[in-house]
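Student: These are the residues of each chain, in order.
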Amino acid sequence: MSNFIEKTVLGIQSTFEDMFASDEIANKKGLMQSLDPRVRLLSIILLIVIANLGNSLYYMAIMLVYSLILAVLSKIPMKSYIARISAVSIVFTGIVLIPSLFNVVRPGKPLIYITGSLYITKGGALSALIFIMRSFVSLSFIYILTLSTKWIEILKALRYFKLPKVFSATLDISLRYITLFLDVASNMFLARKSRSVGKSKGKSERKFVASSMGNLLIKSEQLSDDVYNAMISRGYKGEYKTINNFKISRSDIIWIIFNVSLFMIFFLLKGGKLWI
Amino acid sequence: MHIPDGYLSPATCAVMGAAMVPVLATATKKVNDTFDKKDVPTMAIGSAFAFTIMMFNVPIPGGTTAHAVGATLLAIALGPWGASISLTIALLIQSLFFGDGGILALGANSFNMAFLAPFAGYGVYALLQKLKVGKVISSAIGAYIGINAAALATAIELGLQPVLFHAADGRALYFPYGLSQSIPAMMIAHLTVAGLVEAVITGLVVYYLMRAGEGNILYKFSYRLRGEAK
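Chain order of the listed sequences is Y and C. The numbering of the first sequence is the numbering used here, which starts it at 1 and goes up by one. The numbering of the second sequence is the numbering used here, which starts it at 1001 and goes up by one.
In short, the hints are calculated from the structure, not lab data. Even glycine gets a Cβ: it sits at the ideal position worked out from N, Cα and C. Keep in mind that a hint or two might mislead.
Computed footprint of chain Y on chain C, listed as stretches where at least three residues anywhere in the stretch have a Cβ under 8 Å from a Cβ of chain Y [unchecked claim]:
{"id": "1", "segment": "1005 to 1017"}
{"id": "2", "segment": "1041 to 1054"}
{"id": "3", "segment": "1090 to 1100"}
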């Protein structure tokens, strides 16, 4: 069984693809791309909060349509986007939710009878549907942000919100070294694959994974020394400064006004009952 | 164990986020007190390390694979406070850049995996070290306890949802399974497979480091972050 190697290498590969894809999509001229990264980050977080507050089927349907329109307007490749979100929010969450449909797990009014005493409840089905939609909407907002924004812009936006220095600096450096580590790790696994013939025992495979981690830890230690020395030689004195040039443009203002009025209407519709 | 968005109610997320604030504030203070300019790159590389090893697939009997979290390993190397900052950053990167674990659930996820796991794991490791148990065994047992503490907390957070948040007709609004269902489901998986994977991998990493003559890496990384004089 060498498939743990393939799984790991492919996993790392797809991470690199994600990084590349987000850079490419971020360069397109779409709706999200026209907004200031700070506005983008904050609106996505607020949109997720708003989506998670709601609990009615109508409301979730509106949020679902909203997120899909936003994705289309932001020029996000819809096929892979929907496939990825569905994998987590529909397949994974769906499996988790299957038992909750039945009356034996949560009692409720019958909807579909399986056998005489076992049936799917109305409440269970409705809850599960809303749950899946909510999970889909939340995840799709995150993907819209990561795909339409370069990582470096998200970092800059985070920095603007004044995280403690230890965090923002750590986050900054860490994101850069993840790329390096993933490359090193992927090479370690590929090297092992090219050396192995036939089947290997699970025990020796686990030993290999652990020693790769140990090796990576040793490399990390040397690397943090090198990074520190490089920082010192560039004049690092324990303070971490960055250049930020953000500008709020007209499209940001239109976006903010549009969303504020949209959600005001939502919350007032049906006497404020639409979303519950 | 990464809780996605939509599973926990926003109120729970807010509470868990609020619970993480004093933890991170104390961690920042601890790190700042003993602050050495070198600690920022060390913690940054630590969190890149944590991110990377979470992507390693570990083969388990039965032909499938699992992955380790490495919280206890990081706590042994960086000290629990440094590890909690590093792991929080790794979780933030996973949720914000890869959609792995929710953004609203970040508070809950970091409470479980970046606070409970490294502290429980490190506590057990340190205790066993005092009892003169070998490093490999101590780290494996620590990792086992650490990951199970995190799993139990996750199960409790999820299991409280239907108790606290339900519609007038009793329909669950968020995660639908109560404590009596979520705790056994999570704990059976973690007490057996996931816990053992974490324990075996952590123990083997420490074993490898000692064999490679790099056992002192577990100290020299972080004697300051851990509050021990050199």
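Student: State for each hint whether it applies.
Tutor: Comparing the hints with the structure gives:
1. 1005 to 1017: Since 6 is at least three, the answer is holds.
2. 1041 to 1054: holds (count 12)
3. 1090 to 1100: Satisfied; 8 residues make the cut.
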